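Engineer: Chain by chain, the residues:
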Amino acid sequence: MSTSTITEPIPGTILFDGEQAMKGYALNKMCFSFNRADNREAFKRDEEAYCDAYGLNEQQKQAIRRRNVLEMLEAGGNIYYLAKFAGIFGLTVQDVGAQQTGMTVEEFKEMLVKQGE
Amino acid sequence: MARIIGGITTSHIPAVGNAIARELFDDPYWKPFFDGYPPVRKWLKENKPDVAIVIYNDHGLNFFLDKMPTFAIGAAFEYRNEDEGWGIPTLPPFKGDPKLSWHLINALVADEFDICSCQEMAVDHGFTVPMQLMWPGLESAPRAIPININTVQQPMPSPARCYKLGQAIGRAIESYPEDVKVVVLGTGGLSHQLDGTRAGFINKEFDLMCMDRIVDHPEELARMSSLDLVRQAGAQGAEFVLWLAMRGALSGKVTKLAGNYHIPISNTGAGMLLLENAA
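These protein sequences, in sequence, are chains A and B. My numbering runs 5 ahead of the 1-based position in the first sequence. Counted from 1, the second sequence has number 165 at position 178 by my numbering; the numbering is strictly sequential.
The hints are simulated quantities; they were obtained by calculation from the structure and are not laboratory data. Model, not experiment: these values are computed from the prediction. Incorrect hints may appear among the rest.
[Stated by the list, open to error] SDA-like mimics (lysine to any residue), calculated; alpha carbons at most 25 Å apart, straight line: (1) B/Lys191 to A/Ala26; (2) A/Lys119 to B/Lys151; (3) B/Lys191 to B/Ala128; (4) A/Lys114 to B/Phe21; (5) B/Lys54 to A/Val118; (6) A/Lys34 to B/Phe21; (7) A/Lys119 to B/Thr57; (8) A/Lys34 to B/Met(-12); (9) B/Lys54 to A/Gly23; (10) A/Lys49 to B/Lys18; (11) B/Lys35 to B/Pro80; (12) A/Lys28 to B/Thr57; (13) A/Lys34 to B/Thr77; (14) B/Lys151 to A/Asp22; (15) B/Lys54 to A/Glu122; (16) B/Lys191 to A/Ile19; (17) A/Lys28 to B/Leu52; (18) A/Lys114 to B/Lys82; (19) B/Lys54 to A/Lys114; (20) B/Lys82 to B/Met(-12); (21) B/Lys18 to A/Gly23; (22) B/Lys191 to A/Lys49; (23) B/Lys191 to A/Lys34; (24) A/Lys119 to B/Thr77; (25) A/Lys28 to B/Gln140; (26) A/Lys119 to B/Lys54; (27) B/Lys54 to A/Met116; (28) A/Lys34 to B/Lys35.
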């Protein structure tokens, strides 16, 4: 019997399972540290040094440098921890949603409203 | 004897915490959401529960991936929130009920639910937003016990398992010898997805079906798998298991007294239900 949690893919969705959790551990651990204001300040002072201290790999560091959420997910990021990274820049979940779907923030908000109609 | 007087479900979107802090109750965007709550507050004021059991999911404040319990129960004298990394307001501490917490822990483990006990537990918006919605200003809030279910990392407990956990919570409360009135909150949901190219996905039809069926036919909903929920309700819509756990705890005659549904609040289909649990 397979122990995989995946049955068939769900479009546009990366399931955060054990494989992703192992792949993204360092990235998520760094983002978890952003619960604390002093850690957010330390990151802002020297991003590269902060990423190195948490042992991010090159793919993860590149995604962080580019502020690219889809790349962070690809590198094993979990959205709940990544949201704390987004918080450093004052980004909302609409900003993050717009970036991932290639819409403007206004278009993304409009799309949300339309689903209620 | 302790008894459960009712269950309440509500979405727990962080933006609601900010809207409360900024008192946006009559703002056109927020009004259809906040207007759902006065009947619930009235019911709580009239029925005065002594304890609120709040079934929620931590979103990376208290738990990290180093240790990720499937079910965790707070057993602290008080619970505090933090700014969660994006500067949401910190609130006065919430009073706990450690004696009832340990009764729950003992009863649930005896009932084959092997849960993680937490004498320290930071509570995030999944807990604080519903408490603020039910008891504005929090001065009149009852003692609270947070129960956390993992919805961060797969494998998540199945809807059926969460429903059974709720039933075990119901049995545990009924076996508590003290004369306390308990309300159970199931927070989170309804459909939403924050991550991936499907971000922004909301499923109104599915949400309305769930809000309808959970009143009298929760066991039908409990037959879904976790992945069915992700597919139908979005990656974070899997939080619906928290509603099912609440519903499982109600063992009496369940009557829907109030409900509200609104799209969108933040990226979410926001739902609320008040279910009375008569003996």
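Engineer: The structure should be examined with respect to each hint, and the outcome stated for every one.
Structural biologist: We went through each hint and held it up to the structure:
1. B/Lys191 to A/Ala26: violated (31 Å)
2. A/Lys119 to B/Lys151: violated (36 Å)
3. B/Lys191 to B/Ala128: Violated, at about 32 Å.
4. A/Lys114 to B/Phe21: holds (20 Å)
5. B/Lys54 to A/Val118: violated (38 Å)
6. A/Lys34 to B/Phe21: violated (35 Å)
7. A/Lys119 to B/Thr57: Violated. A/Lys119 to B/Thr57 sits at ~35 Å, over the 25 Å cutoff.
8. A/Lys34 to B/Met(-12): The hint is violated at about 45 Å.
9. B/Lys54 to A/Gly23: Judged against 25 Å, a Cα distance of about 13 Å means the pair holds.
10. A/Lys49 to B/Lys18: violated (37 Å)
11. B/Lys35 to B/Pro80: Given that 25 Å is the threshold and the Cα spacing comes to 20 Å, the pair holds.
12. A/Lys28 to B/Thr57: Since the Cα atoms of A/Lys28 and B/Thr57 sit roughly 21 Å apart, the hinted pair holds (cutoff 25 Å).
13. A/Lys34 to B/Thr77: holds (23 Å)
14. B/Lys151 to A/Asp22: holds (23 Å)
15. B/Lys54 to A/Glu122: Violated: B/Lys54 and A/Glu122 sit about 42 Å apart, past 25 Å.
16. B/Lys191 to A/Ile19: holds (22 Å)
17. A/Lys28 to B/Leu52: holds (12 Å)
18. A/Lys114 to B/Lys82: Violated, at roughly 38 Å.
19. B/Lys54 to A/Lys114: Violated: B/Lys54 and A/Lys114 sit about 36 Å apart, past 25 Å.
20. B/Lys82 to B/Met(-12): holds (22 Å)
21. B/Lys18 to A/Gly23: violated (41 Å)
22. B/Lys191 to A/Lys49: Violated: B/Lys191 and A/Lys49 sit about 40 Å apart, past 25 Å.
23. B/Lys191 to A/Lys34: violated (35 Å)
24. A/Lys119 to B/Thr77: Cα-Cα ~34 Å, so violated.
25. A/Lys28 to B/Gln140: This hinted pair holds, its Cα atoms lying about 13 Å apart.
26. A/Lys119 to B/Lys54: violated (40 Å)
27. B/Lys54 to A/Met116: Roughly 37 Å between the alpha carbons, so the hint for B/Lys54 and A/Met116 is violated.
28. A/Lys34 to B/Lys35: violated (42 Å)
Against the hints set out earlier in the document, violations occur for numbers 1, 2, 3, 5, 6, 7, 8, 10, 15, 18, 19, 21, 22, 23, 24, 26, 27 and 28.
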